[in-house]
Each structure stands twice: as structure tokens, then as C-alpha cells.
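Visitor: The lines below spell out each chain.
Number of protein chains: 2
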Amino acid sequence: MIDKDLYPELTKRWEKIRSQMKRENIKACLLTSSANLFYTAGRVFKGYIYIDSENEPLFFVQRPIGLNGDNIHYIKKQEDIKPLLSELLGSLPENVAVEADFLTYNEYKRLEKAFEGIEFKNATSILRGARSIKTDYEIGKLKESGLKHAAVYSHIPGIYEEGMTDDEVSIEVERISRKFGNLGMFRIFGSSMETFAGSVVAGENADNPSPYDFAMGGSGLNPSLPVGANGTILRPGMTLMVDLGGNFTGYMTDMTRVFVVKSLENDLAKRAHNCSIEIEKEIMKLAKPGVPVKELYELAVSIANNAGLKDYFMGYSQKAGFIGHGVGIEINELPVIAPRSRDILEAGMVFALEPKFVIPGVGAVGNENTFVVLENGLEVITVFEEDIIEIGF
Amino acid sequence: MIDKDLYPELTKRWEKIRSQMKRENIKACLLTSSANLFYTAGRVFKGYIYIDSENEPLFFVQRPIGLNGDNIHYIKKQEDIKPLLSELLGSLPENVAVEADFLTYNEYKRLEKAFEGIEFKNATSILRGARSIKTDYEIGKLKESGLKHAAVYSHIPGIYEEGMTDDEVSIEVERISRKFGNLGMFRIFGSSMETFAGSVVAGENADNPSPYDFAMGGSGLNPSLPVGANGTILRPGMTLMVDLGGNFTGYMTDMTRVFVVKSLENDLAKRAHNCSIEIEKEIMKLAKPGVPVKELYELAVSIANNAGLKDYFMGYSQKAGFIGHGVGIEINELPVIAPRSRDILEAGMVFALEPKFVIPGVGAVGNENTFVVLENGLEVITVFEEDIIEIGF
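Protein sequence lines, in the order shown, are assigned to chains A and B. By the working numbering, the letter at position 173 of the first sequence is numbered 166, and the numbering carries on one by one without gaps. By the working numbering, the letter at position 141 of the second sequence is numbered 134, and the numbering carries on one by one without gaps.
Looking at chain A on its own, in the form it has when it is part of the complex:
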């Protein structure tokens, strides 16, 4: 099943998982979420991967039929795994970590019963920890996504026509993005967020609070999905914030740019946008391996406060509690750049920074970029114009 070329890469990931397991005294992991299967097996299938410290990982596959390769064992149901493990390994582990923050309660209970006698542990921190430090291969995939993400945004000025609404712009950007290879799939850990392609908000809609844990809101087009574009017609002087997903490789970059029809006259909005650029610059000076991520958050807040922009920072009516987040297979990986985060920067982390402002009467301003943590600082992988981009000439 596993691409031979990918085997050395996957071995690195298994080793990272094993070293996390050792720290938590966990003997084996049994994983089934698409995100963790893609990470550990290089592809999504219906079934489970079993990783322990001594043996090659085992693949217990329900679907699709016809996968070939070492260590693949077809099963009908999860109850088949334990007897197969006994047979294949000659013994059973004393504990197994499963995805307690992904499996539903009923899925977990069924699996727990199928593994009676073996203690169940939680695999979340092991996998989120391992996945937070990207391999060179993964960074390559993220850079490819970043390049394409920026290329897509470069087409936005050409899309705009007078009288367009925010969702009409979104639709055309989505199309271009798909033509550049965006898979569309927007993977999110947990249930705190939902979106289709990401978010485009124009003018006052930026201040409409949403139920989701995104940095910006927007009321959406339907109460079944109350976030993002709401049909606002773009008018001169109003900002248009484009924050669409960049899943071109299975690995997602996150990137926001602000556009304005004709030109932005509002000084507060201009100042706030420049403050966002300054925050990113200052964070680039501070950030390197060993720095606690909460210091990045504190730096951003202090710059915004010193500029007299506190009221507008990270939302006006409703504020987001973070300024950035890890990205990778999912949009909300570790580290979380928030005041109470205990995460420490390490080389190989990849995260998005989105110091944004909502200016009443104008809209949202501020950029978002995706960065890789290098040995001596940050590298931006969503390289594109940082200023507000004027459209509609």
C-alpha cells in the first residue's frame, strides 16, 4: 500500500510518534481519522493503523479493496483487530492510545470493548505533538501550497467587476484556486469550526459575530452556515478580506489579503493595516526555536495597544482569543498562538499569523501569512503583496 518512495519519510513520522509515546509510557497507537492516516500511512483508507515501538506498523483495512503491500490485513470490523494482533505479534500491549478527541463516544466504547483487558489511553497529544514539527518533505508540500495560494490571490484584481458581491468574488477565487489544484477539502480538528472554502468578508459584515472559532466572523448566506460572505455589494472605500484555504497538496497554507475598491480613505483602517504588517515584522524578529509562543501573542497585543488600536484588534464586537495557529494536514494544528499557550517554538513548526483588525464602517484589515520556523527565525511561505490592494480601475 505504501508508496516505496514515501517509506523513508513515513519512517521518520513513526519515529516521532514513538518518541512521543515513550514519554507518555504508551505502548501502541491505533489510529483511524483521515488526518492521522494520511500522516502515518500516506493515504486515507477506511480502517486502522497500529503503531508500536518494536514492530513495523500494521494496517487493518476495511476499504478500499485491493490494497497491496507489507503488513496489510483486511478486516471486516474493528472486533477483528485484537485477535489478529495476538496472532501477528504473539502478545498484546498493556495499553493502546486511541483518538479520544476524534472517535465518537459510541465508536470509542465499541473499540474499547473489542480490546477488553487492554488499557485505553488518549493519542491526541502524541499525534498533535508529532505532527506539529514538520519533516522536510512536509515543509516542501506546505511551500508548494503556499506558492499556489499566492498565485491564486494574484488573480483577484482581475476578477473584480463593478457591482459584485463578496460571495461572487469568493466563487471566482474558489474556481481559480481549484484550477491551480486546490483539493477543496478543508480539514479541521474538532467541531469548533465549519467552513466550505474559507471566508471572504466585505465591509460591515466583518463585524457580524460568528459561532465559529475563526479569527473573523461574517454572517454567511444561510443560518445553516453563519460565517463569511453574506452578499454584501462591494462599494468604494469598503475593505474586502479574502481568507480562503490553500489545500493544494493535502497540506494547507493559510493566507489573508485585503482588497479595496478604488482606494481606502479611512485613516484608522490604513493605520491598522500597517500595524498588522508591523506586528508580523516584529514577530519575525522575535520568533525562533525556544521562544514561548505566548510571547508572540503578547508582542502582538502590545504593538496593537501602543498604536491605540486595542478596541479593533482581533475583532470589534466579538474578539478572537488567538493571533495564529499551526497549519498542516488540518487548519488548526499546534502551536496555538494564544495568551495561555504553553507551546514553545521548535524548528519545523509551521504556523499562520493573522493579526487583524475590524474597523466599524470600513471592514476588516490585516494580513495573514504562513511561516516555517527555521533554526534562526521564521521563513514566510505565502509571499505576496502586503499592502492593501486596490481593485476596480
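Please keep in mind that the hints were generated in silico from the structure rather than gathered at the bench. For clarity, every value in this text was computed on a predicted model and none was experimentally measured. Heads up, a few of these hints could be off.
Put simply, identical chains are the same to the list, so a pair is met inside one copy or across any two.
Once the Cα atoms are required to be at most 25 Å apart in a straight line, the calculated BS3-like pairs of lysine-lysine come out as [to be verified]: (1) K102 with K114; (2) K312 with K70; (3) K102 with K20; (4) K39 with K312.
For this one, chain A is given, so just place chain B on it according to the hints.
Guide: Structure of chain B alone, referenced to chain A:
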């Protein structure tokens, strides 16, 4: 919070839930999934709705800020709900049903602890049961989706240009669909399926098995999402099956049509497509309230078998185990039209039928339509050309 116009409609839904609760001796439901909140509150929010048999539902809201209306209580965390319930109702229920097939294990355990002393039950069958019988309002929303879904498909012949790939067609159909108001969001119950916009499969790709529980496969463009279009260039005589989602209203229709570049020469494929049309016609004669859905499945299988098409029915290398499924807020609601289903047709059910075939060397054939169960039969709500549609002239 609740739209006043929607109040009588929501009251109907609450009553349906209450009658299901009564049958299972459940005193209250506490729901938090987007699908069930949209169903019971008319909108998505972060928080919980509490429904018991005696009182008006209570809304415990975490986000967004600023929701106004009766019975809205802002909470910081789920632990705030139980004390608030005591205070508001004067007593606590002896049991509460929660979404044990949606909440993660850890979410469930946390909620269970916060409700110590109150027995937890599973709300799945109550909600899936209530939601399977649509109200007139919901049927109206589904009909609106069906009309738009068909209108989108009518544009497909105009999209095609020589040399196009399956994913290029998909991108253009997605755009048109979004312009007709498709919200994009593709809501699925459980984790057995993942997709972006739905599936477009051309030629031999139809026989590539996928890990997901869709009727048809396709290998996809990336191992992180192995389903649907895979970049196949469309050639004369090859079929193109378009099965994209129709969420124009928060309620999704499901609809498949088959296209062929120039014309279809393969007699087996033509015969199989006609058999699909015949199966739908025969099921329309049989289906009405009181009929067990498994009889629909059996009828479909017997028609396919009698036509000598057994090997190709519902897949060739890998077969799907159903021929249809309920639709609504999610794409996989009740009833499931499968051999071991115990569901009985009732007026107000809405389901999709997709008797499909995979013909090696040609591709997939067969239609999918969405039907409403009326008192005396079925009404199709995705009205569109049923024959294979020739494109590329």
C-alpha cells in the same frame, strides 16, 4: 434568536422529537451538533439546545455574542448548564439524551461529568427518526434545492470543451452551482464519508474503489482524498458521471446524471443505463407509506439481475451495499435503502435513489434522483433529462 416566522415550524419539529422521546422514555435532549441545532433552532450556534416535554426549549449559547430572544442563556462552558437548569426549571430530569454518535469520547465524558447524577442516553435515533419525516416547510426547502440542482446540471453541456478532464468539468459545475446559491457545505453524518463538492467520475476511474461509503468510487486527485475525479481526459464514448451536492437551502438534494462525449456506442452501457431508469420507474410504482424500504432494494436488485447486469450493479470491482439514502440537512439521513434496513416508508420522507452500474472500459451509468414520499407514492424533485446526455458537438 428564533425567527418569529419560523417559530410554528420549529414547534412542529420539537413535537416530533418529544413524541420520539416519549417512546424511548427519555425526559430531555441536549443537542450541540450543527445539523441538530439547525434543525431544532433554525440556525447554527456554538452551544446547546435543551428540549424536554414540558417546557419551551432552552438555548445555552457560547457564541456568537448578541443573540436575542426568549429562553436564551449565555454560558461560558458546558459545566454552567446543569446549575442553570436547576434554577430555571426548579428540578432536573432523571435522564438526558445526548449525541453519542456525534460527540467525541472526551466531549461526552466531560458533559457526563457536568451532569453527574443524571443518566445519559443516546439521542441519535430520536433525532434521526424525527428528521427522517420532513415537514412541509422542509420539503419546500428540498424542492427549492432540487430545482436549482437541475438548473445547474442543464448548464453542463455548455461547459464541455474538447480535451477537458473530469476535474475541470467538476470545477466549472461547482462554480455554476455556487452562482445558483449552493452553500457548498456538504454535511455528512458520521465519519464514513468525506468529500469536497461531491463526485465526478469519468471512464475507467469509476471502477477505482474508494475508502468511503459512497455508491461510486474514483481514485481522486490526491491520496488525502481518494475519491472522485482523478484528472482523466474525457474521450469519445467514455461516460462522465456527475454526482455533485445540492445544498442551496441548508437542505441537500442528491442528483446524478451521465454525460458522454459524442455518443455512447457500448450496448451494455446503454442497456445498463436504461435499466437504471427502469428501476427508478418500478420503485415509483411500488413505493408508498407502509412499504418496507428493503423491498425497494430487493426490487432494484431483482430488476438488475433479471437484465443480466448483476456483475455491474452498484459497482464492479467494489460494490456499494445500498441503492439509496434519506437526504435533508445531511446527505445520509434515514431511511437507508439497503437489504437489512428495517425502515418503513412514511409520508414526508425524502430520499435519493441511485441505481448505478459500472461498465469496464466505459465508465459509470445510471441516474440518481431525490424523491418525496407522498400519501400515494413518490414525487421526484430533481426533474431533468433521464437519458445519457451527449456533449461535445
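Visitor: State for each hint whether it applies.
Guide: A quick look at each hint next to the structure:
1. Within a single copy, K102 and K114 get their C-alpha atoms as close as 13 Å, and across copies as close as 14 Å, so both meet the 25 Å cut-off.
2. For a Cα distance limit of 25 Å, the shortest separation of K312 from K70 across copies, 17 Å, qualifies, whereas the shortest one inside one copy, 45 Å, does not.
3. When the C-alpha separation of K102 and K20 is checked against a cutoff of 25 Å, the pair qualifies both within a copy, at 20 Å, and between copies, at 24 Å.
4. In the homo-oligomer, the alpha carbons of K39 and K312 lie at most 25 Å apart only across protomers (15 Å), although the nearest pairing inside one protomer, at 39 Å, exceeds that limit.
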